[in-house]
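Letter by letter, the chains look like this.
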Amino acid sequence: MKFGVVVFPGSNCDQDAINLFGNVLGQKVVPLWHKDHDLQGCDFIVLPGGFSYGDYLRSGAIARFSPIMKEVIDFANKGGYLMGICNGFQVLGEAGLVPGALLHNDNRKFICKNVYLKTQTQNSLITAQVDLDKALKIPIAHGEGKYYADADTLKMVNDNDQVLFRYCDENGNITAESNPNGSLENIAGVCNKNRNVFGMMPHPERASDSILANQDGLALFESILQAVL
Amino acid sequence: MEHLELTTVETAKDLGLLPEEFEKIKEILGRTPNFNELSIFAVMWSEHCSYKNSIVWLKTLPKEGARMLAKAGEENAGLVDIGDGLACCFKIESHNHPSALEPYQGAATGVGGINRDIFTMGARPVAQLNSLRFGDINLDRTKWLVKGVVKGIGDYGNAFGIPTVGGEVFFDESFNVNPLVNAMSAGIVKVGETVSATSYGVGNPVYIVGSATGKDGIHGAAFASKDITEDSVNDLPSVQVGDPFQEKLLLEATLEVIQSGAVVGMQDMGAAGIICSNSEMSAKGEHGMRIDLDKVPTRQENMKPWEILLSESQERMLIVVEKGKEAIVEAIFDKWDLNCAIIGEVTDTKRLHYYMHGTLVADVPAEDLVLGGGAPVYHREYREPAYMAEHNAFKIEDIKQPENLKEVADHLISHPNIASKRWVYNQYDSMVGTLNMTTNRPSDAGVVDVRGTDKALALTVDCNSRYVYANPEEGCAIAVAEAARNIVCAGGEPVAITNCLNFGNPYIPEVYWQFVSAIKGMSKACTKFETPVTGGNVSFYNQSSDEGPVFPTPTIGMLGVLDNKKTLTTIDFKNAGDAIYLIGESQNDIAASQYLASYHKVDKYPAPYFNLDKEYDMHQAIKGLIKEELVASVHDVADGGLFIALFESAMHNGLGFEIESDDTIRKDAFLFGEAQGRVVVSVKPEQQEAFVEFMSTNEVEFSLLGTVTESNEMIIDEESFGKVPAVKQVYDNVLHGYLGE
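Residue numbers (the UniProt record's numbering), protein chains in the order written: chain A, 1 to 229; chain B, 1 to 741.
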């Protein structure tokens, strides 16, 4: 399986994703430069975290217009696997590839810390092997991560089993206290209706290497590898 | 240049120069300078750029060491060999004055500036730290400063994408007007692939790259070289504005252009902008430059020559490129969508010739502008302050031991200087880069993986300003010792330091005495720990007209190396039943402690107990214990004393402890005194014998305190000091109580 990590100007988690796929998981991985139009035959595209184009307008608002995004959107519309992490999720939202939007955190501050996630469904490529009872310890690092959708969209997302993760406490209870940013219904990650595009604010790539003393995120990536190999 | 107006001594004084300095400039030029030239000298001879009032003493610091690849002052940052063909480039710098006026931009551009110092040498930053001092947290001004500074550091560092792995925050009313904002960065580079801040090769083109030049930050270096008064608001244009997105692009483009082999020399544009880079690079390379200022991309129209020369607009680099390789350089900056303009060329004149639309507007010799060249050097008068006699008259017997020591414990837990700083650090991205090994391993230092090797870096910033106020020489030696102790407790070997010397007005003999004494203490301790000084910066004039100088604060940023990253050691108690030992000696001492200062509200005290030789020996014992894997946790005793150290070790895994005090010393001193040279370790029961045997092979004092317990209670001499989760709940939320969610 060949992974491609898009590098926007201002991306800063691109190398972390490349390190994960290449060095930790031993997969083929290439960076995809934002000015290019070639996806280099990748099977799985990642939009990494960071501050694409500085995020001075609205997070992800400009990145979705960058040259490579035309190919990325075509790829996703044809059923190709696409995952947005943090800023990548914001770009997916701006591009309309996943339902909902990401607003400023309730406390109006950037928040970086470990949080816990409860996986909501195994009916997706990235959660197929994840234990639904386990509270995964995965860090967040964002200023605009409050998941928001209008009532109809929210209903659709729930009805179609599109919620992948919700914030929970360390025992797996989905509570108001465990919601770090004010996300509606504690939603931390969703997929599109066709279940080939995944967006999440937490950073599983920051919780997958033993050097970091937390490998709870590995379950997501192992799901991807096991499903395909 | 005849048509340009000549200057007078009054103008020189307005620009911050002394009359005798104006005379010296006339002598150097052989004529009266025009305004452009006078501005150049004023900024280059400002305290900030010339170190004119500090260099005499800075030269006495120990700089030699087997690992040193660049001596202090030679390059933009210190460069230290860490083995495996790699070097660590690191430095700390202050941005105090801008932050006092405009905390958000002041702090943000401090982060930007220190990172540019690292990547201008070719190193990729891997970790950042910061050391902050604020006034009384109850004041609205302090809250405004804290919020602005923390958001500024966060917004810049987070977008730039380098993790913040450590830091310190300290509140004291001496910082009410002047906060201290010290930012540190560390990067990794292959040995032999660094770039120097130099310029040579007649005809080589000189490029300016990155952001366009605006009117921000003009005379910023001069501004940083005077006291803060009510008129300081007029200096607002001296504060620069940061753009971390440009900085991120500049980082990637800069490292790429260095790899291309086209670069002769490079320096970032920091204090004093283009003129500083031009003169320092030219002086070092023993060449000159001809610069056409009208070719500099500007943000505003009709900028004057001196404005372009002195602008401190951020995110800019000056690069001297090998002639014929222009296309390579321009393609790289085009790829990253950054400005890249040739503004002149290298000459053999050793002078800097500035032209505007073909007219010569300034002609100055490079060498005479710079530190180590013609910049003035002053020996300042210094005198021990009268307050030292009062400090030294302190006797513990005059302080009555409180009846209720649990109340003291509660007071300390609730004090902003002791309580958790998570309100601050949760706003910093501490994990980007996936190299921070201490996110999930609480440790006395930040430990950063050196990918592809067995090694890791250990980083810490330390200075207890109160100790330095109490006794500058001892207090500064303690700052070095504490930094080394933190590195050692984390499993590393102390290697080198960078320093950020924050003091008041150097023209006041008592203030200068604090500075001189601190340098002596630093020399003594750095020599003992074999941690040479690789550079840093001096920030004088941290004082206001009405409140006097800040607590003297020589912040120590220390680099350590873990040759094997598996020796990383954490502070948390692991298992009930493990024995708790104190390494080092309890003392009947409460001097300069947080307890004495805030509980008893005493403000005259000597530095806490400190014995440099014993401290060093204790570090060797800790290193041995870690190497032999005889300890389950290691945590140094620092602010708040032994009680706080025990609580911090207990709070991570929901455990408690039961200990007995030493009845030969006062119990308040035992629990809350801040005598130096002490470390708390926990030892598995089955290893106790080997532990005791190891400790008996050296002279270092140690004593059994008690045990780690399953119950999450803190029990001292059979008295409960509270349950850890409840106390932690308080400890975690103290700053939120003052600053809001």
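Warning: the hint list may mix true and false statements.
Stated by the list, open to error - Straight-line alpha carbon distances no greater than 27 Å define the calculated DSS-like cross-link-like pairs of lysine-lysine that follow: (1) B/Lys528 - B/Lys59; (2) A/Lys2 - B/Lys395; (3) B/Lys614 - B/Lys684; (4) B/Lys728 - A/Lys109; (5) A/Lys113 - B/Lys723; (6) B/Lys395 - A/Lys109; (7) B/Lys421 - B/Lys601; (8) B/Lys350 - B/Lys26; (9) B/Lys215 - B/Lys151; (10) B/Lys395 - A/Lys35; (11) A/Lys113 - B/Lys421; (12) B/Lys147 - A/Lys109; (13) B/Lys395 - B/Lys614; (14) A/Lys113 - B/Lys728; (15) A/Lys28 - B/Lys190; (16) B/Lys520 - B/Lys71; (17) B/Lys728 - B/Lys684; (18) B/Lys421 - A/Lys137; (19) B/Lys728 - A/Lys28.
To be verified - Part of the chain A face toward chain B, derived, beta carbon under 7 Å: (20) Phe51; (21) Asn214; (22) Gln215.
Note that these hints are calculated values from the structure, not bench results.
We put the CB at the ideal spot given by N, CA and C, even for glycine.
Cross-check of the supplied hints:
no., hint, verdict
1, B/Lys528 - B/Lys59, "holds (18 Å)"
2, A/Lys2 - B/Lys395, "violated (71 Å)"
3, B/Lys614 - B/Lys684, "holds (26 Å)"
4, B/Lys728 - A/Lys109, "holds (23 Å)"
5, A/Lys113 - B/Lys723, "holds (25 Å)"
6, B/Lys395 - A/Lys109, "violated (46 Å)"
7, B/Lys421 - B/Lys601, "holds (23 Å)"
8, B/Lys350 - B/Lys26, "holds (18 Å)"
9, B/Lys215 - B/Lys151, "holds (24 Å)"
10, B/Lys395 - A/Lys35, "violated (71 Å)"
11, A/Lys113 - B/Lys421, "holds (13 Å)"
12, B/Lys147 - A/Lys109, "holds (10 Å)"
13, B/Lys395 - B/Lys614, "holds (23 Å)"
14, A/Lys113 - B/Lys728, "holds (17 Å)"
15, A/Lys28 - B/Lys190, "holds (26 Å)"
16, B/Lys520 - B/Lys71, "holds (19 Å)"
17, B/Lys728 - B/Lys684, "holds (25 Å)"
18, B/Lys421 - A/Lys137, "holds (22 Å)"
19, B/Lys728 - A/Lys28, "violated (45 Å)"
20, Phe51, "holds (4 Å)"
21, Asn214, "holds (5 Å)"
22, Gln215, "violated (10 Å)"
Violated hints, in rising order: 2, 6, 10, 19, 22; the structure is consistent with all others.
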